[in-house]
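One-letter residues, chain by chain:
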Amino acid sequence: MQYMLMLNETAEDFARRDNPEEAQAYWGGWNAFIGAMAQAGIIVRGDGLLGPATATTVRLRDGQRLVQDGPFADAKEQLGGYFVIEVADLDAALAWAAKAPSAASASVEVRPVMPPPEPAT
Amino acid sequence: MSLTAASEAAERAARTSFGRLLAYLAAGAKDIAAAEDALSEAFASALRVWPVKGVPDNPDAWLLTAARRNILNMRRHAGVRDGAAREIERRYQAAAAAAAGDDALPDERLKLLFVCAHPAIDPAIRTPLMLQTVMGLSAERIGGAFLSAPAAMGQRLSRAKAKIRLAGLPFETPDRSDLPDRLEAVLGAIYAAFGVGWDDMHGADAQGAGLTGEAIFLAELLVQLMPQEAETKGLLALMLHCEARRPARRDVEGRFIPLDRQDARLWSRDQIVRAEGLLVEASRAGVYGRYQCEAAIQSVHSQRAVTGVLNHQALSMLYDLLASRSPTVGVLVARAAAMVQAGEARRALAALDQLAFGAQVGDYQPYWATRAHALAASGQREEARRAFTHAAGLAADPAVRAYLLQRGAPPVSG
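Respectively, the protein sequence lines represent chains U and W.
So the first sequence is residues 1 to 121, counted in the working numbering.
So the second sequence is residues 1001 to 1414, counted in the working numbering.
Everything labelled a hint here was simulated from the structure, so no lab data went into it.
A few of these clues could be false.
As the list claims (entries may be wrong) - Capping the alpha-carbon separation at 35 Å, the derived lysine-lysine pairs in DSBU-like fashion look like this: (1) Lys99/U / Lys1163/W; (2) Lys1163/W / Lys76/U; (3) Lys1111/W / Lys1030/W; (4) Lys99/U / Lys1111/W.
With the rest of the complex left out, here is chain U (with noise of 0.2 Å):
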């Protein structure tokens, strides 16, 4: 089964990103637990995201199209970046996501990906 892991992090965690005395453990960190899906061949698809901060949320109401600056919602913890993993099944799924950097300081997200749709006969 395919599974999306959606990776949160703090404002603390998208902080460390550019400081130069934590950039180095930050992505030392993420490069170990990426390199590690890699070789454990379950990566489907993956990207890392830029901050909330470069985010712009988008609207359509009563025809209306309303432009926002920011993440749809003022959390404590934002996406910071997803991976599409193909595993047997949830708990697999989810011994990857306590692996990732971001489950001790924030969250990880696991959810089932749709399946494509059967083809018709």
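Add chain W to chain U, keeping to what the hints say.
Okay, now just chain W, sitting in the frame of chain U:
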């Protein structure tokens, strides 16, 4: 073949084999809801076919074959053409062959228990899910026991089953590293069923009371499937010790009798002997376990039947151990109650004060009942009265409420 004989045979198969058949089908399909639908359809066709053609020699194998066919038809209907369907077909054929020959159907109920108590499942629905899938209890019955409307309970159960299927929860026994935590969740869900049955003893229809029997059945099953785990035996011993006292918990007029006033001659000797045996077996592992410790405490109470006195020193030691390793509010309140019984009311009050400082005890009935007894024992009559009344207001059991109100009533002069 009469209709009654056929329906009796179907009912017997439902009672003895439902959990096994469902577990087998669900583990194969990785889908509890589909397995339930297929199995109930199989029972329905049994009621149509058996009166005409006679009850088959091996009703389980017949039901399994019919249910398997239903699952495959459902899948075909839904257009599932993945490799999983072929795998399911292969497994079912092997199983049907085994079941037709012997009773060698592998017991998959353990896997079902672990799925129901998986950490990805809402803890509040784990016990109902187990009762429905492993025991075959209806949503009406479960809703009644858990004070939830049957329709709402049915919906919550369906949601949990949908999550199991869609999120791909494994039907596996967890590996060594995960086992302690996962087993703890299974034991907790079984003990919760027992607690519901125990508290609901006043239920006039005896439905809730039945849940203690269901919990004991599940624990028996777990002991049988995981004989190497000491805590499964600890839990079963604990529940048997409590269950042994059922006949002594009320007097002939239905009034509540606290444990220390119960007539020990009314306790079930067989259940106590069984519990003691399990506890001895469990202790051979030489590992602390919360349920073993609680069972040992109950064992001390049960020994009063033989010795005539309660061994307060043994109780105090066991409660100290339990409180140091598993300091839940329930454990700490029970420990304070043991102090009151041992004549240490002041120490009990200090412990309760400390507990109230750090935990939410405002509407925890055992806290107020214990506090009331401690206040009464230390001569603080007016405060005791207030605490008894407060505890009575929080009691769900009318017999317990009546007992607490009577303890809280001003003394009758003369």
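Outcome of the hint check:
1. Lys99/U / Lys1163/W: Status holds; Cα separation ~23 Å.
2. Lys1163/W / Lys76/U: holds (27 Å)
3. Lys1111/W / Lys1030/W: Status holds; Cα separation ~11 Å.
4. Lys99/U / Lys1111/W: Holds - the C-alpha atoms of Lys1111/W and Lys99/U are around 26 Å apart, at most 35 Å.
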